[in-house]
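S.K.: So the sequence shown is numbered by our numbering: it starts at 1 and just counts up by one.
Errors might be hidden in some of the hints.
Pair ranges (Cβ atoms, derived) [as the list claims (entries may be wrong)]:
hint: 1; residue 1: Arg233; residue 2: Gly154; range: 47 to 55 Å
hint: 2; residue 1: Ile339; residue 2: Pro222; range: 23 to 31 Å
hint: 3; residue 1: Arg234; residue 2: Arg410; range: 48 to 56 Å
Here are the simulated lysine-lysine pairs, DSS-like style, with alpha carbons at most 25 Å apart [stated by the list, open to error]:
hint: 4; residue 1: Lys332; residue 2: Lys283
hint: 5; residue 1: Lys283; residue 2: Lys296
hint: 6; residue 1: Lys283; residue 2: Lys221
hint: 7; residue 1: Lys296; residue 2: Lys113
hint: 8; residue 1: Lys280; residue 2: Lys332
Just so you know, the hints here were simulated from the structure itself, not pulled from any lab data.
Just so you know, even glycine gets a beta-carbon here, dropped at the ideal spot from N, CA and C.
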Amino acid sequence: MTDSSKAPRVAVIGGGPAGLMAAEVLAAGGASVDLFDAMPSLGRKFLLAGVGGMNITHAEPFADFVTRYGQAREHVRPLLEAFDADALRSWIHGLGIETFVGTSGRVFPREMKAAPLLRAWLRRLREAGVRLHTRSRWLGWAEDGALRLATPDGEQLQRFDAQLLALGGGSWARLGSDGAWVSLLASRGIEIAPLQPANCGFEVAGWSEHLTQKFAGAPVKPVAAALAGEAPRRGEFVVTAQGVEGGLIYALSAAIRERINTAAEALLHIDLLPQMELAKVEKALQKPRGSQSLAKHLQRQLGLDGVRAGLLRELADPACFTDPVRLARAIKQLPLRLIRPRPLDEAISSAGGVRWSELDSNLMLQRLPGVFCAGEMLDWEAPTGGYLLTACFASGRKAGEGVLEWWRHR
Numbered sequence: 001m002t003d004s005s006k007a008p009r010v011a012v013i014g015g016g017p018a019g020l021m022a023a024e025v026l027a028a029g030g031a032s033v034d035l036f037d038a039m040p041s042l043g044r045k046f047l048l049a050g051v052g053g054m055n056i057t058h059a060e061p062f063a064d065f066v067t068r069y070g071q072a073r074e075h076v077r078p079l080l081e082a083f084d085a086d087a088l089r090s091w092i093h094g095l096g097i098e099t100f101v102g103t104s105g106r107v108f109p110r111e112m113k114a115a116p117l118l119r120a121w122l123r124r125l126r127e128a129g130v131r132l133h134t135r136s137r138w139l140g141w142a143e144d145g146a147l148r149l150a151t152p153d154g155e156q157l158q159r160f161d162a163q164l165l166a167l168g169g170g171s172w173a174r175l176g177s178d179g180a181w182v183s184l185l186a187s188r189g190i191e192i193a194p195l196q197p198a199n200c201g202f203e204v205a206g207w208s209e210h211l212t213q214k215f216a217g218a219p220v221k222p223v224a225a226a227l228a229g230e231a232p233r234r235g236e237f238v239v240t241a242q243g244v245e246g247g248l249i250y251a252l253s254a255a256i257r258e259r260i261n262t263a264a265e266a267l268l269h270i271d272l273l274p275q276m277e278l279a280k281v282e283k284a285l286q287k288p289r290g291s292q293s294l295a296k297h298l299q300r301q302l303g304l305d306g307v308r309a310g311l312l313r314e315l316a317d318p319a320c321f322t323d324p325v326r327l328a329r330a331i332k333q334l335p336l337r338l339i340r341p342r343p344l345d346e347a348i349s350s351a352g353g354v355r356w357s358e359l360d361s362n363l364m365l366q367r368l369p370g371v372f373c374a375g376e377m378l379d380w381e382a383p384t385g386g387y388l389l390t391a392c393f394a395s396g397r398k399a400g401e402g403v404l405e406w407w408r409h410r
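Using the sequences provided together with the hints, build the complete structure.
M.R.: Following this line, the structure appears as structure tokens:
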């Protein structure tokens with residue numbers, strides 16, 4: 001029988017935000033912690049995500065915040081109630097990193113970078129006694145339950161009292177989130193929701209050569225977009241050689257992907273002039289244009305030119321260009337058919353993962369006592385804007401606390 005009065009020896013597999021947070025909680029709770037990561041350094045995806053400005057969380061009210069997790073919101077809610085955006089900011093401040101709220105409500109470190117935060121965090125973990133092992137890839141379990149680890153010195157078998165998996169999703173394999181864990185857990189009977197792209201771009205059936213050559217890479221703004229039956233959302237996106245990507249598309253990506261999964265395509269309606277009412281657009285187009293070309297008329301009357309005018313030409317019914325009323329409707333509701341998401345490895349994050357039914361309230365796998373899961377490998381998704389990171393931190397904290405509770409009650 002295990003002596004629960006002694007400090008448990010715990011392996012944390014994965015050196016992203018969820019794994020690092022779990023390691024901190026475990027060490028603070030008296031556990032002996034070894035953290036393993038397959039990459040040469042820790043937090044690689046975390047660092048890359050912060051290159052353009054480290055968006056750590058969001059300052060919106062909790063009731064709105066939790067809705068960002070879609071169908072998984074009721075599973076994620078308890079994690080966030082225990083460690084919400086305010087708690088995360090306080091924790092960051094404890095590392096000596098100041099934060100501020102941007103005009104959009106997004107929360108950033110004062111320096112707008114992830115590296116200072118990660119350095120301070122790793123220093124804290126080392127001081128707490130956490131042993132950090134890089135270039136150590138988890139290969140599953142030996143028959144006796146020992147962890148199989150591929151290290152620079154060859155394969156090793158190591159035994160622990162508990163194991164906490166925080167292996168990420170399936171996007172950005174070059175940074176360590178390669179989804180290789182799926183088959184390892186599935187072989188133990190763990191049910192996994194298929195990994196799918198989230199916060200990703202989408203492809204169209206094919207742009208014209210003219211549009212691709214002239215506008216690939218061009219930002220489309222300001223615009224609004226909506227799927228049938230849903231409220232429009234304002235923002236901007238980028239035309240790519242294959243289709244579209246960018247913030248507005250990412251915000252709608254879960255709904256777009258599910259429409260494609262069920263109907264083989266998603267019809268997105270683009271409002272090229274969201275700041276103008278339809279009647280005003282019609283009135284402007286009905287003004288005489290004399291000898292002016294239609295392109296010049298659109299530019300002078302509506303400020304519609306460049307990539308937005310290019311999309312109008314590409315996607316609108318050609319017959320509407322001789323009818324100001326129909327043209328106005330096309331400008332306000334331009335149909336864009338999306339047929340597939342871009343590949344998983346290009347996505348910012350992934351949907352799918354370990355199903356919640358496989359986990360207990362402490363995020364332990366019910367089929368594998370002593371094995372806990374956290375982070376993006378769980379079956380949830382969220383838009384960019386700080387929601388992804390917040391849930392990763394919160395789930396890592398919950399799983400770490402879960403290990404300690406499980407050990408105490410053994």
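S.K.: So the hint says 47 to 55 Å: do the beta-carbon atoms of Arg233 and Gly154 match that?
M.R.: About 52 Å separates the Cβ atoms of Arg233 and Gly154, which means 47 to 55 Å holds.
S.K.: Does the alpha-carbon distance linking Lys296 and Lys113 stay inside the 25 Å limit?
M.R.: violated (44 Å)
S.K.: Keeping to a limit of 25 Å between CA atoms, is the pair of Lys283 and Lys221 held or broken?
M.R.: Given that 25 Å is the threshold and the Cα spacing comes to 22 Å, the pair holds.
S.K.: Okay, Arg234 versus Arg410 on CB: inside 48 to 56 Å?
M.R.: With Cβ atoms ~53 Å apart, the hint holds.
S.K.: For Lys283 and Lys296, compute the direct alpha-carbon distance and say whether it is at most 25 Å.
M.R.: Holds, at roughly 16 Å.
S.K.: Please test the hint of 23 to 31 Å on the beta carbon pair from Ile339 and Pro222.
M.R.: The hint (23 to 31 Å, Cβ to Cβ) holds, given that Ile339 and Pro222 are roughly 26 Å apart.
S.K.: Under the criterion that the straight-line Cα-Cα distance not exceed 25 Å, is the pair Lys332, Lys283 satisfied?
M.R.: holds (13 Å)
S.K.: Starting from Lys280, check that the Cα of Lys332 is at most 25 Å away, please.
M.R.: holds (11 Å)
Taken one by one, the earlier hints fail for this structure only at number 7.
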